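Engineer: Below are the chains, spelled out letter by letter.
There are 2 protein chains.
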Amino acid sequence: MSLLTVGSVAFDALETPFGKTDKIIGGAATYITLSASYFTKKNNLVAVVGGDFPQEMVDLLIEHGVNTEGLKTIPDGKTFFWSGRYHEDMNTRDTLETQLNVMADFDPVIPESYQTTEYLMLGNTVPATQKAVIERMVKRPKLIMLDTMNLWMNIAMDDLKDVLTLVDVLTINDEEARQLSGDYSLRKAAQTIMAMGPKTLIIKKGEHGALLFQGDRIFFAPALPLEVVFDPTGAGDCFAGGFIGYLAKTDDISFENMKRAIIYGSAMASFCVEKFGTERVVNLTQEEIDARVQEFVKLSSFEIV
Amino acid sequence: MSLLTVGSVAFDALETPFGKTDKIIGGAATYITLSASYFTKKNNLVAVVGGDFPQEMVDLLIEHGVNTEGLKTIPDGKTFFWSGRYHEDMNTRDTLETQLNVMADFDPVIPESYQTTEYLMLGNTVPATQKAVIERMVKRPKLIMLDTMNLWMNIAMDDLKDVLTLVDVLTINDEEARQLSGDYSLRKAAQTIMAMGPKTLIIKKGEHGALLFQGDRIFFAPALPLEVVFDPTGAGDCFAGGFIGYLAKTDDISFENMKRAIIYGSAMASFCVEKFGTERVVNLTQEEIDARVQEFVKLSSFEIV
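These protein sequence lines are chains A and B, in that order.
UniProt numbering numbers the first residue of the first sequence as 1 and each following residue consecutively.
UniProt numbering numbers the first residue of the second sequence as 1 and each following residue consecutively.
So here's chain A without its partners, still in its complex pose:
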């Protein structure tokens, strides 16, 4: 089945304890589509970049089977830019600079050829923009998944709650789940948030794994303990891309299949952090992904006798 991803395509400049980069390709939609490209070949992108965005980066997406018909270039605009510095623990970071540039007026246009897309992934961006995308789909996709962050809870909570009534799956981290719900217990938080709209909730806990909630059902997916976390940028987006990419590939949105999708998403995230930026996720083989998934199986399987 086909996937439509809407979100940012950007330049990032990163500093980690292991080194720093110049401007490299980044953005939620970039990581999501690259990650999903290992699962579905019908991989539609809607995003906006400036005239400074190099053609070879567009080509990189195309090489990965991403349909860039919906990637709009504003010739006299500049591409969204973010720079950040990770702390020693790699779990916290400071934003050094954010230039919204062409993202400030991002008005997503859905190409005619995208209108029959079955799976819709709304990358982290302005909630009102996410809502506009849903409204512009002539036919409601089979599954709509949304990622967001604490920023929107601080400055656009009403808009966020509004779009949440329209989505099937929400993915946020544990801190955001607590902020959105006002509950400390993640189990309670999940019930509060699912009552806001999404029937399925994924709470990401970084190195501590992820929780999948749906009704009364809970699934806990481990994170792979890694020797080195080189750069956490994009891990959450690779996770989301792997998750929804796997659902689109299998076209099965049962809870059992979502459990598998979370494992594939976790595997993609575990690759992502091994190198700077998109370096690792642009160079993966199916064999590597399958082997990594088997590591997750070994990591978490046990048998009660």
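Keep in mind the hints are simulated off the structure, nothing from the lab.
Remember, it's a predicted structure, so these values are computed and weren't measured experimentally.
Listed next, the in silico PhoX-like pairs over lysine-lysine satisfying Cα-Cα at most 20 Å (straight line):
no., chain 1, residue 1, chain 2, residue 2
1, A, 298, B, 188
2, A, 188, B, 298
3, B, 259, A, 298
4, B, 275, A, 188
5, B, 188, A, 275
6, B, 205, A, 205
7, A, 205, A, 188
8, A, 41, A, 249
9, B, 188, B, 161
10, B, 42, B, 142
11, A, 259, A, 298
12, B, 298, B, 259
13, A, 298, B, 298
Stretches of chain B that chain A covers, calculated by requiring three or more beta carbons in the stretch to come under 8 Å of a beta carbon on chain A:
no., segment
14, 177–188
15, 208–216
16, 225–231
Positions of the beta carbon are idealized from the N, C-alpha and C atoms, including for glycine.
Got chain A; can you put chain B on it based on the hints?
Structural biologist: Coordinates of chain B only, in the frame set by chain A:
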């Protein structure tokens, strides 16, 4: 098989966001033996209390099948006392008061009848005391497990490293693993720590579960997401008691069986936090434990197709 637990039997006074207690029974060895009592009936205790320790609390242990021959009472001494206050997040706490009392001169004597014990659990206490226990066992137990804490890393690191060369299983939390090893990555930390002696390492991560390391093998056990954590006191000890109690019951120290033991330990810890102090772990049925273990199975099982 039989289990010998050496450690503190104490009074605790606790404050949590849900309320506060007067002096209630606590101490590492108390929680460990109570938890283990659901798995093994040969449950030997070595500890020391003062003349202020009420007989009904000793009777409570005896009712749970704990052999208290090694529980020494110093009539003119006072029982170890700890009081603490948990913060809103329930993950951090302040120690309000510590009175070592009779624990200050704790010199563990191993009764003759305990000398054939196959499984030895050294609860968190002075590393030199833990070492003395091992030296006083005429025959080396089949498995020696040790719990410790950051305090001993700060004030008795050499003694701790000394006793670590003698044990089979070490259990510590993630922060302590990082402190002991000097490595941030838990995967690296585990290798560093296992090189210090223990062939098996359990890293406890509280609400984020636990990791079991042995050689190149890793197992990740989830924690059950709970509606309410009422009082975390003793959770780590109930975990240890369930783990080693299960090993003693089954007398199987293979990695596969240790994975099961971790799940039983996690189940015991999940009960412990539901009420104040030992209230929940003194009132469990086998059916409740089995049902809780099945919740862990449901929580973490998936199938890759």
